[in-house]
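Construct all of the structure, not just a fragment, from the sequences and the given hints.
Top to bottom, those sequences are chains P and L.
Quick note on numbering: the numbering used here labels position 225 of the first sequence as 225, and the sequence is numbered without any gaps.
Quick note on numbering: the numbering used here labels position 121 of the second sequence as 432, and the sequence is numbered without any gaps.
Derived from the structure by calculation, the hints contain no laboratory data.
Just to be clear, a hint being listed does not mean it is correct.
Stated by the list, open to error - Which bits of chain P does chain L cover? Going by a derived footprint, with three or more residues having C-beta under 8 angstroms, they are:
id, region
1, 99-111
2, 294-305
Unchecked claim - Calculated cross-link-like contacts (lysine-lysine; reagent style PhoX-like; alpha-carbon spacing at most 20 angstroms):
id, chain 1, residue 1, chain 2, residue 2
3, L, Lys372, L, Lys468
4, L, Lys483, P, Lys38
5, P, Lys39, L, Lys483
6, L, Lys351, L, Lys372
7, L, Lys475, L, Lys346
8, P, Lys68, P, Lys38
Virtual Cβ for every residue (Gly too), placed ideally from N, Cα, C.
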Amino acid sequence: MAWTRKDLLTMRDLDAAEITLLVDSAASLEEIASREIKKVPALRGKTIVNLFYENSTRTRTSFEIAGKWLSADVINFSASGSSAAKGESFLDTAKNIEAMSPDVVVVRHSSSGASEILARAMRCSIVNAGDGCHEHPTQALLDLLTIRERKGHLEGLQVAIVGDIAHSRVARSNIHAMRKLGMTVTVAGPPTLIPPFVGELGVKVSHRLEDAIRDVDVIMMLRLQQERMTGGLIPSLREYSRYWGLTLDKLAAHARPDVLIMHPGPVNRGVELSPEVADGPYSVILDQVAKGVAVRMAVLVLLAGSKAAQA
Amino acid sequence: MSPSPPARPREKAQVLDEAAFDRALTRIAHEILEKNDGAKELAFVGLRTRGVDIARRLAEKIVRIDGSTVPVGTLDITLYRDDLDLRGTPVIRGTEIPFSIKGKTVVLVDDVLFTGRTVRAALDALIDLGRPRSIQLATLIDRGHRELPIRPDYVGKNLPTSRKESVAVRMKEHDGEDRVVIVEEEG
Chain P
1 MAWTRKDLLT
11 MRDLDAAEIT
21 LLVDSAASLE
31 EIASREIKKV
41 PALRGKTIVN
51 LFYENSTRTR
61 TSFEIAGKWL
71 SADVINFSAS
81 GSSAAKGESF
91 LDTAKNIEAM
101 SPDVVVVRHS
111 SSGASEILAR
121 AMRCSIVNAG
131 DGCHEHPTQA
141 LLDLLTIRER
151 KGHLEGLQVA
161 IVGDIAHSRV
171 ARSNIHAMRK
181 LGMTVTVAGP
191 PTLIPPFVGE
201 LGVKVSHRLE
211 DAIRDVDVIM
221 MLRLQQERMT
231 GGLIPSLREY
241 SRYWGLTLDK
251 LAAHARPDVL
261 IMHPGPVNRG
271 VELSPEVADG
281 PYSVILDQVA
291 KGVAVRMAVL
301 VLLAGSKAAQ
311 A
Chain L
312 MSPSPPARPR
322 EKAQVLDEAA
332 FDRALTRIAH
342 EILEKNDGAK
352 ELAFVGLRTR
362 GVDIARRLAE
372 KIVRIDGSTV
382 PVGTLDITLY
392 RDDLDLRGTP
402 VIRGTEIPFS
412 IKGKTVVLVD
422 DVLFTGRTVR
432 AALDALIDLG
442 RPRSIQLATL
452 IDRGHRELPI
462 RPDYVGKNLP
472 TSRKESVAVR
482 MKEHDGEDRV
492 VIVEEEG
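As structure tokens, this is what we get:
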């Protein structure tokens, strides 16, 4: 299996073999986290720029650690405190960064499609670390790795993705990837938070949490993305939490005893997840974060270390 | 002329048959025990893929000769290569060394020793995992053409080759037979 892409922009573009290559490579790299000396020389002399136009702790830190464990030089560029705050355009900033010869630019932006614009404009490899409501491919990869390690396989598993589907790039990336790998996906949420096109993605839709979580292997709870909402989509947080918040009672009454509870973070405790569930035995939320570093190492090695990707 | 199909390796000569293969490993096992005065504090680390199989065979032989169990680990040196971006897609299969190499005498095991670059990378990879007391090198075939100052401590067979040839070590674990052959790219 050869990696031939310059960029990692979406899960929609990838085929099952490419997704599996990334997940397999990440699984092999996990061991580095348990070493006394967490550093391998694979990307020595390569430069990685984290270009973040949106707030992020987990993803930016995760890419930074991944790059550093691979011996790359990692530079963080955040929009606040930079020339973007002085009015420089997105593409001008990109051109200026390109002039400093990076090998990989990791970009997060609030606009869907921002990473694709960069990929066309820049010669170096681009990794999409989340673009608006569009995609977040490395999150889907780390979710797949987490599920595969817990369940032993992916094909045939049933997954419920619950909550604010409309604003979720995590949901989109996961739906594309999971469908390609032969998993069954149900999306569930109030009708205002389910996008109209969702039927085209080959998923089932449910408007009742209790129905959606029955018999599934994995429940992926999403954060209510109030910063992206223009208002009027839910009556109140309290009502949302009452109908769509996952509690131990609901789990015990409707879900399988071996179900995995996932969440891409940050968790709104008491809204979509009760603290007992977030910290409980079903939860693999911190496992997801740990796997995130391995997944990002795999992505960086394949993009910056492949002959094809450098052409 | 019509475009030629991709070059297929052609078997040119047999270097070791099954019996000779086994004798070579038996001799190496004895030499390892002799040089290290037994198997105490010894560990084998095989280089993926066939080096790991050879390391396991050596460990089995040492159990039979001496009764001692030598731990066997697996080293993947992809992340340590000096030619990572010249080789297409890096294939990362992972390092599995489920024991501490600190203070151990580690015998690094590979199937074919050629330029020495793989061993150079393996030395770096090993030392990143801890500080062994010493590292020794065992190889089934030494085919020459070294590009670095590296020499093996244990050799199954010295085999002068041309650079155009390549040496294929076939093992029951992967190929259904124990045999070493010289192959030449056709075309």
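Going through the hints against the structure:
1. 99-111: violated (count 0)
2. 294-305: As far as the region 294-305 of chain P goes, the hint holds, because 5 residues have Cβ atoms under 8 angstroms from chain L.
3. Lys372/L to Lys468/L: holds, 18 angstroms
4. Lys483/L to Lys38/P: Violated: lysine 483/L and lysine 38/P sit about 36 angstroms apart, past 20 angstroms.
5. Lys39/P to Lys483/L: violated, 35 angstroms
6. Lys351/L to Lys372/L: holds, 15 angstroms
7. Lys475/L to Lys346/L: Violated. Lysine 475/L to lysine 346/L sits at ~35 angstroms, over the 20 angstroms cutoff.
8. Lys68/P to Lys38/P: Holds, at about 9 angstroms.
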